[in-house]
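Novice: Just so you know, the sequences run in chain order A, B, C and D.
So for the first sequence, the numbering used here puts the first residue at 1; every next one is plus one.
So for the second sequence, the numbering used here puts the first residue at 1; every next one is plus one.
So for the third sequence, the numbering used here puts the first residue at 1; every next one is plus one.
So for the fourth sequence, the numbering used here puts the first residue at 1; every next one is plus one.
Please note: incorrect hints may appear among the correct ones.
[Stated by the list, open to error] Estimated spans, in silico, between C-beta atoms of each pair:
id, chain 1, residue 1, chain 2, residue 2, range
1, C, Lys110, D, Val265, 32 to 38 Å
2, A, Ile103, B, Gly26, 19 to 25 Å
3, D, Ile103, A, Leu263, 15 to 21 Å
[As the list claims (entries may be wrong)] PhoX-like mimics (lysine-lysine), calculated; alpha carbons at most 25 Å apart, straight line:
id, chain 1, residue 1, chain 2, residue 2
4, A, Lys161, D, Lys11
5, C, Lys110, C, Lys189
6, C, Lys268, A, Lys53
[Claimed, not checked] Which bits of chain B does chain A cover? Going by a derived footprint, with three or more residues having C-beta under 8 Å, they are:
id, region
7, 59-67
8, 86-95
9, 108-118
It should be emphasised that the hints constitute simulated quantities derived from the structure, not laboratory data.
Built from N, CA and C at the ideal position, the CB exists for glycine as well.
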Amino acid sequence: MLNVSAKQTQKLAMAGIWGGGVITLLLLIVIIGYVLLQGLPGINWEFLTTNPKGGLSGEGGILSTVVSTLYLIGITLVLLVPIGIGSAVYLSEYAPNNRLTRIIRYGIETLAGIPSIIFGLFGYALFVTVLSFNFSILSGALTLVCLLLPTMITTTEEALKAVSYSYREAALALGTTKWQMISRIVLPSAIPGIVTAVILCIGRAIGETACLYVTMGGSAAMPSSLLEGGRTLSLHVFYLAMETNAMDKAMATAAVLIIIIILINALTNLLAGRFQKRLKGIS
Amino acid sequence: MTEYNLNGQTCRGDKIKAKNLNFYYGSFQALRDINLDIPGCAITAIIGPSGCGKSSFLRLLNRMNDLIYGSRIEGTIELDGKNIFDKEVDVVDLRKNVGMVFQKPNPFPISIFDNIAFGPKQHGKKSKIELEEIVENSLKKAALWDEVKDKLGQSALALSGGQQQRLCIARVLSVEPQVILMDEPCSALDPMATLKIEDLMRTLAKNYTIIIVTHNMQQAARVSDTTAFFMMEPDRAGSLVEYGLTSEIFTNPKDKRTEDYITGRFG
Amino acid sequence: MKETLKNRVSRREFLAGTGVVLLSGLLGGCKSGGAEGTTTKTVTESGELSGTISIGGSTTVQPVSETLSNAFMEIFPQTTVTITGGGSSVGVKSAADGTLDIGASSRELKESEESLGLEVHILAYDGIAVITNTSQTVKELTLEQLKQIFAGEITNWNELGGADGDIVVVAREEGSGTRGAFEEMVMGKDTLITDRAILQSSNGALKTTVAGSSNAIGFISFGYLDSNVNSIVINEVEATVENAKNGTYPIVRPLLYLTKGEPDGLVKKYIDFCRGIAGQAIVAEDYISIL
Amino acid sequence: MTRYFTDKLAKYIVFISGFTAVVILLLIALFILREGLPAFSEIGVFDFIFGNVWRPGIDQYGILSMIVGSIAVTIVSMIMAVPLGIACAILLAEVAPSKVRNILRPAVELLVGIPSVVYGLVGLVLLVPIVSNIGGSGFSILTASIVLMVMVLPTIISISEDSIRAIPASYREGALALGATKWQTIKGVILPAAKSGIGAGVVLGMGRAIGETMAMIMVIGNSIAFPNSLLDAARTLTGNIALEINYATGTHESALFATGVVLFVFILLLNSVATVFLKRGSNAQRLG
Numbered sequence: 001m002l003n004v005s006a007k008q009t010q011k012l013a014m015a016g017i018w019g020g021g022v023i024t025l026l027l028l029i030v031i032i033g034y035v036l037l038q039g040l041p042g043i044n045w046e047f048l049t050t051n052p053k054g055g056l057s058g059e060g061g062i063l064s065t066v067v068s069t070l071y072l073i074g075i076t077l078v079l080l081v082p083i084g085i086g087s088a089v090y091l092s093e094y095a096p097n098n099r100l101t102r103i104i105r106y107g108i109e110t111l112a113g114i115p116s117i118i119f120g121l122f123g124y125a126l127f128v129t130v131l132s133f134n135f136s137i138l139s140g141a142l143t144l145v146c147l148l149l150p151t152m153i154t155t156t157e158e159a160l161k162a163v164s165y166s167y168r169e170a171a172l173a174l175g176t177t178k179w180q181m182i183s184r185i186v187l188p189s190a191i192p193g194i195v196t197a198v199i200l201c202i203g204r205a206i207g208e209t210a211c212l213y214v215t216m217g218g219s220a221a222m223p224s225s226l227l228e229g230g231r232t233l234s235l236h237v238f239y240l241a242m243e244t245n246a247m248d249k250a251m252a253t254a255a256v257l258i259i260i261i262i263l264i265n266a267l268t269n270l271l272a273g274r275f276q277k278r279l280k281g282i283s
Numbered sequence: 001m002t003e004y005n006l007n008g009q010t011c012r013g014d015k016i017k018a019k020n021l022n023f024y025y026g027s028f029q030a031l032r033d034i035n036l037d038i039p040g041c042a043i044t045a046i047i048g049p050s051g052c053g054k055s056s057f058l059r060l061l062n063r064m065n066d067l068i069y070g071s072r073i074e075g076t077i078e079l080d081g082k083n084i085f086d087k088e089v090d091v092v093d094l095r096k097n098v099g100m101v102f103q104k105p106n107p108f109p110i111s112i113f114d115n116i117a118f119g120p121k122q123h124g125k126k127s128k129i130e131l132e133e134i135v136e137n138s139l140k141k142a143a144l145w146d147e148v149k150d151k152l153g154q155s156a157l158a159l160s161g162g163q164q165q166r167l168c169i170a171r172v173l174s175v176e177p178q179v180i181l182m183d184e185p186c187s188a189l190d191p192m193a194t195l196k197i198e199d200l201m202r203t204l205a206k207n208y209t210i211i212i213v214t215h216n217m218q219q220a221a222r223v224s225d226t227t228a229f230f231m232m233e234p235d236r237a238g239s240l241v242e243y244g245l246t247s248e249i250f251t252n253p254k255d256k257r258t259e260d261y262i263t264g265r266f267g
Numbered sequence: 001m002k003e004t005l006k007n008r009v010s011r012r013e014f015l016a017g018t019g020v021v022l023l024s025g026l027l028g029g030c031k032s033g034g035a036e037g038t039t040t041k042t043v044t045e046s047g048e049l050s051g052t053i054s055i056g057g058s059t060t061v062q063p064v065s066e067t068l069s070n071a072f073m074e075i076f077p078q079t080t081v082t083i084t085g086g087g088s089s090v091g092v093k094s095a096a097d098g099t100l101d102i103g104a105s106s107r108e109l110k111e112s113e114e115s116l117g118l119e120v121h122i123l124a125y126d127g128i129a130v131i132t133n134t135s136q137t138v139k140e141l142t143l144e145q146l147k148q149i150f151a152g153e154i155t156n157w158n159e160l161g162g163a164d165g166d167i168v169v170v171a172r173e174e175g176s177g178t179r180g181a182f183e184e185m186v187m188g189k190d191t192l193i194t195d196r197a198i199l200q201s202s203n204g205a206l207k208t209t210v211a212g213s214s215n216a217i218g219f220i221s222f223g224y225l226d227s228n229v230n231s232i233v234i235n236e237v238e239a240t241v242e243n244a245k246n247g248t249y250p251i252v253r254p255l256l257y258l259t260k261g262e263p264d265g266l267v268k269k270y271i272d273f274c275r276g277i278a279g280q281a282i283v284a285e286d287y288i289s290i291l
Numbered sequence: 001m002t003r004y005f006t007d008k009l010a011k012y013i014v015f016i017s018g019f020t021a022v023v024i025l026l027l028i029a030l031f032i033l034r035e036g037l038p039a040f041s042e043i044g045v046f047d048f049i050f051g052n053v054w055r056p057g058i059d060q061y062g063i064l065s066m067i068v069g070s071i072a073v074t075i076v077s078m079i080m081a082v083p084l085g086i087a088c089a090i091l092l093a094e095v096a097p098s099k100v101r102n103i104l105r106p107a108v109e110l111l112v113g114i115p116s117v118v119y120g121l122v123g124l125v126l127l128v129p130i131v132s133n134i135g136g137s138g139f140s141i142l143t144a145s146i147v148l149m150v151m152v153l154p155t156i157i158s159i160s161e162d163s164i165r166a167i168p169a170s171y172r173e174g175a176l177a178l179g180a181t182k183w184q185t186i187k188g189v190i191l192p193a194a195k196s197g198i199g200a201g202v203v204l205g206m207g208r209a210i211g212e213t214m215a216m217i218m219v220i221g222n223s224i225a226f227p228n229s230l231l232d233a234a235r236t237l238t239g240n241i242a243l244e245i246n247y248a249t250g251t252h253e254s255a256l257f258a259t260g261v262v263l264f265v266f267i268l269l270l271n272s273v274a275t276v277f278l279k280r281g282s283n284a285q286r287l288g
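This is chain A alone, in the form it adopts within the complex (with noise of 0.2 Å):
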């Protein structure tokens, strides 16, 4: 038989644990409710399509910081891309169980912990630096693609995991050669699941600042060239917190980069969704 301070530890430990997800959720609602309501009526039409003005005023809209943040996502993408699928490709296919594969998934895993300052350390140093190409869009999305890199490794590698063995014995069994097998079953089954990876390191490229403001510069003006500098949406936000008195034009910019990343969250787990469907073979 139960007594009574055990069923009492337990209402009071229920609701010790309902407390932690009321107040979690509560602290994303006010995070989200206070930007949203400061920020959304500060954005129209001229917010998203005029230039900042920079500087003091923190007068003018977040085109050209779209710009560049699409700028660095596209050449980040372009390398992260590849590199990532390729490393992903060797450690679920080809990568024996041996030493030399373990160092490299410590690798990755180390990289995987690094903090963004330390990249933006490194990128100012051997992009800026060495490589010349001074504080700039390219220098920025060198960092990225370091930065990134474990990120879509792990989510690509997953994906290629959860492509059934079955499918690869029976490709080879057919007579295809080890690449056949990967270029023509096991990558296209795998599609919506490296989409993902992908989408996830555009949403963490959209949010990343620290190693972007050592490398990137952080001019407010309609970048030009891959080697001029730029700000991000998110280096927008902190450079109009922190050197002007725009927190309007912040929450704003701020609200921006929240509707981005929810949009971007639905996204994922709407593929998510379909990926599992499509491995279970309901579509």
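Guided by the hints, dock chains B, C and D onto chain A, whose structure is given.
Specialist: Chains B, C and D alone, transformed into the frame defined by chain A:
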């Protein structure tokens, strides 16, 4: 034994010839000293208790064991008199010649048509007319054409289990192999679907050499011409106990262990 | 801003103005020498002037650079001027190592920086205002009191006749030119700004901090002054452009453009523009013109 | 035959790209060390790490107050985030009906996605004034810790939840069949079985906390003084690098890279601890 008279035709008695075959996973010996001649244009069943190495043996025949890191082979397997483990043998060509059907139906998550066309495409057949012809013929040979001819564009995963397995057989047929290996092809299917596959196997046996690993002794007795009985030795290595015409193995086994197994005394 | 500039200087006036700049440049001893011919040429073909200039460094200079560059790009639409912040030391370093075409600094070069081969172009003069929260009752301080406050020797507003409250010193980070100039002119050689100071990396952030914290005190460029903060009367002189101009306000420093060696081509064009009549008209809105 | 050539070529390309991550890691270590070593040799490792004065203007480079700052925000944020995160993980894995889970889980995912500058901005606008009412300027270790707490929460929640879910159902059934209440089951069986995983989550959360940069710069005040209370401003190792790297030269620049080396070492230590936790976790589950 050089020639058989089976299925109303004369067949080469040693289409596939395993000689002093030993197979290891790392330090573990999975097969010991296998000597076995498999006739062409016939169905050979491999039976035996779980873990006796019968699936391992089957997978050696098209070198699927190559995929297993740390596996090692001694001895030879000859296909039409040529050792398949020879350096100059192209494993991709070998697998094209020696097709395989797996335990669980494993159609690719693409359309029915693309499933069948996949193999020929990889082997360089590109023209649409050619591919359409191959798909139709393969599906007809696999007795699936009438059921799917109107929905070739649909996902293969939407088919029933039995249909999927016949699709997999059709897929193997599409690359025109000489030998078809079947690894317990009916273990995931219901009795009706199993019967259909068995009928299909009998039909195919006229033109193909079929080797089937099965748990189901009735199935072996029903479909096969010759039967090999494998067993595990005390150190867990699999070895061949007895081999002969199916009728003889099931009615008059020479080895006591075969008799025990067939009459259900163990296994 | 663009509007006012258009009203103030038409294109023709600007071209004429550039001539005056060249002249005043020569008279002022500014080295324009050999590049003069090419300069004149580019001016007459002004519409075709194209290229990119990168400017960075002092956040004090940043806003005026932005206004100047917008005006410049309006006249020469084929050109792009990118402006970044970072602080005066970034400007010095980046100009010296060629990362930027023009480095901006709101302090004079340090002794250690004089060997870097940098050409100094004075853009304007700027006062540094000491600011407090608008709720602060203390409105006047002497230079000596300022020094003691920022050194952490005076720590409570009641020592200065204000209400009881621990003084929150807000300063700029080490690389700031405003900080460098403030240290030089207020703190002297041997006294350091207290390590307790909250450090912000720009004039804007510093102003925001002071505006939001009732016991805070800090210093910013005149260009950033507005009604969100009080500016302190120092040695009985108010922090106004007039007082800085007539020499009574004690904390005034030059704002500089730095180039690696003598500038040429587009960079020279831009600097000449900034130092000319049209440019100085813009500068004069918030800072003290050099003309 | 071209397809064999393609096969070989693909193998080599894929093999090379497999090494990219390791090469990048080595390059990072190499560059940070190479740039940081002069500072270590000029200043001295001991004086650099245990020196209390950071005054680049007068060639004083000691990062102790920043090490303390980084550790302080990490610990304080963990004190808040760990109970909250574990409660949330238990809720998600054991208690909540699927309806609640379907709201809470996306919420946690969203917390991961929000850019750190947005956390910094909200901290700056909303939290700094609130904390300044308690005392000080509002730019403080406390403010920074609260911001960090929210940022590390999702890491702790998701890893803890995974490890709780990985516990075989038989454990639960066994305890419940003995007449234990749900909480007794959680406390007596589930949490002990999941403790390695939860430990790993906490350590990885610490890694994220100690590495956070921009949000810290925005709310911590960046003071170079040794902090004496939670309401004091301070500076983190990460903030030190970001604030000064763009204009630093000579020894100063090298000292910032050396700061990066120290940070790097911290992260490597935390990662190894997390790996040990995770290994232990999987071993325990294999045996169990």
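Novice: Taking the hints in turn, state whether each one holds.
Specialist: Now for the hints, and whether the structure bears them out:
1. C/Lys110 x D/Val265: 32 to 38 Å: 33 Å, holds
2. A/Ile103 x B/Gly26: 19 to 25 Å: 22 Å, holds
3. D/Ile103 x A/Leu263: 15 to 21 Å: Holds, at about 18 Å.
4. A/Lys161 x D/Lys11: 18 Å, holds
5. C/Lys110 x C/Lys189: This hinted pair holds, its Cα atoms lying about 13 Å apart.
6. C/Lys268 x A/Lys53: 24 Å, holds
7. 59-67: holds (count 3)
8. 86-95: Check passed, 4 qualifying residues.
9. 108-118: Since 4 is at least three, the answer is holds.
The structure is consistent with each of the numbered hints, conforming to all of them.
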